[in-house]
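Let's have the full structure, built from the sequences with the hints guiding it.
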Amino acid sequence: MKKVYVKEEVCVGCRLCEVYCITSHSKYKDVLKAYKLETQRPTPRIVIEENKPVSFSLQCRHCDDAPCVKSCITGAMQKDPLTGVVTCDTDKCVGCWTCVLVCEFGAIIRDVNNKVASKCDLCAEAGEPACVKNCPNEALVYSEGGISV
Amino acid sequence: MRIVIIGNSVAMVGAVEAIRKYDTSSEIVVISDETYHVYSRPLISYYLGNLVSEDKMIYREKDFYRKNKVETVFGIKAISIDERKKEVYLEKGDSISFDKLLIATGGKPIIPPVEGLNKKNVHTFIKMDDAKKLKEAAKPGSKAVIVGGGLIGFKAAEGLHHLGVDVTIVELADRILSTILDAEGASLVSQSLQNDGIKIITGTTVDKIIGDEYVKGVLLKNGQELEADNLIIAIGVVPNVDVVKNTSISINRGILVDNTMKTSVEDVYAAGDVAEGYDMLVESNRVVPIWPNAYMQGEIAGLNMIGINKSFKGIFPMNSIGYKNTNMITAGITNPQQEEFEIISKIDHNRKYYKKFVVKENRLVGFILINDIDRAGLFTGFIKNETDITPFKKYLLNDDFGFIYLPKKLRKAKMLDLEVV
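For the record, the sequence lines run as chains A and B. Using my numbering, the first residue of the first sequence is number 801, and each one after it goes up by one. Using my numbering, the first residue of the second sequence is number 1159, and each one after it goes up by one.
These aren't lab readings, by the way, just hints derived from the structure by calculation. C-beta: ideal position from N, C-alpha, C; glycine also. All clues stand as given, with none of them false.
Not close to chain B: a few residues of chain A, all C-beta gaps over 12 Å, as computed:
1. V812
2. R815
3. V819
4. I822
5. K827
6. L832
7. K833
8. A834
9. K836
10. T883
11. C923
12. A926
13. K933
14. P936
15. N937
Derived coverage of chain A by chain B (criterion: at least 3 residues anywhere in the stretch with Cβ under 8 Å from a Cβ of chain B; other residues may be distant):
16. 842-853
17. 869-877
18. 901-913
Take a look at the structure:
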């Protein structure tokens, strides 16, 4: 399946991926409105790591054998059998953080305001991940089967 | 082919989902003494504390059995097995034959031999019916004594506290959660309970249950007497191996299984809290009664039952558990006493943060994270993959620890789906 991969050599650490991730999962889908108007800004669904000069962002790997799905105590975490996308049904999630315990990538973020797991859904609604679309240096790519470096 | 599964919880779901990925024709029959649609056992404390309603307890959608072509035999207990004739006998005299059998009967509560157990309002706390009975009996302002400060007692305490019950935990060890936490960790967590008025008495247990028809209190071994309207026995669980007694299926504490979840008898498998499989950290068989393990063991059993050979590398204990805003994630060996283990730890009393890593021969074998739990799975991964942590060991305690501290080659392999060379 298509996933988001990062070329750390060309990531400049601008954090625009995070800004657009938040925007993409906001009510208004607009940067200014998402940051200025929403009473509760959405939790980003990506992790950014930085230790200058290296930086990169990391999204859910949507693992074939996803341990978060198998370990979820409520059945909230699910893998779509057709698309392979792993999503969390926040109505069912109780914030037990078992997914945080088992995700080897540390890619599941705790939305502590709503006490639910927050994770990359590849911007299912928009069709293309917002982090990739808005990366100014094409450090993020959306591709099938890894990238060559 | 007919596959019979005894038990209707997560190990069953793991098996059914694995089987149906590849095999839509074999018959699957699930037998359970409970009558509920498959539900989440770990949610019973949330249900008790009114944090989750009963309809939200279901673990798989309502059409789970129909969609997966599973025949259900509910409300009837499987009482014995004839492994030679390949029959499971039910309590009302019927029997069901099988080609492959999965025993996923879970655990049952340990009941200590004390006087007065037959009084009303003495509870256990592992099933939905236990939670319903306790919720009905536990009135706001009433007093409850929980015997056992392990995972079950801890979550029962939280649920009861949410109901406005005055809770006292009595724990035989010197601290609560002694199987997953060390003294420092338990002390941090105890404070958050005590700040809410939950009382914790350690180093003793119940000697006698006081009352007439109903529980009125308990007398502890240390001579102390406590009033109680409800008494919850939460000492622990043991594998529920009743159904395999009088068979040739090998049992130690649980039903012994190999790395395909097969028991000592051909065509008979076991998974979940009833099974005793290989623990890769202690390097021997062990019962690890945790939810994720039950799913994964069920899955492996399911695949092998339909002839897909897949084996399990082994498991180790891991838990994510919390009390209100106090969260902890632990895995593996957390409190070793031997000198061969190296301990790397940091405690921050102001923020109530605690991190502890247990290292053996440059491999991470366990950790405790309290409150600072984000990205805990990175560490679980190092344990599971037996990663040599030498290059980044000195950074483990960093607040921003992540892939950035890993050698570039290892990091890229992990993040870019490349083969590790």
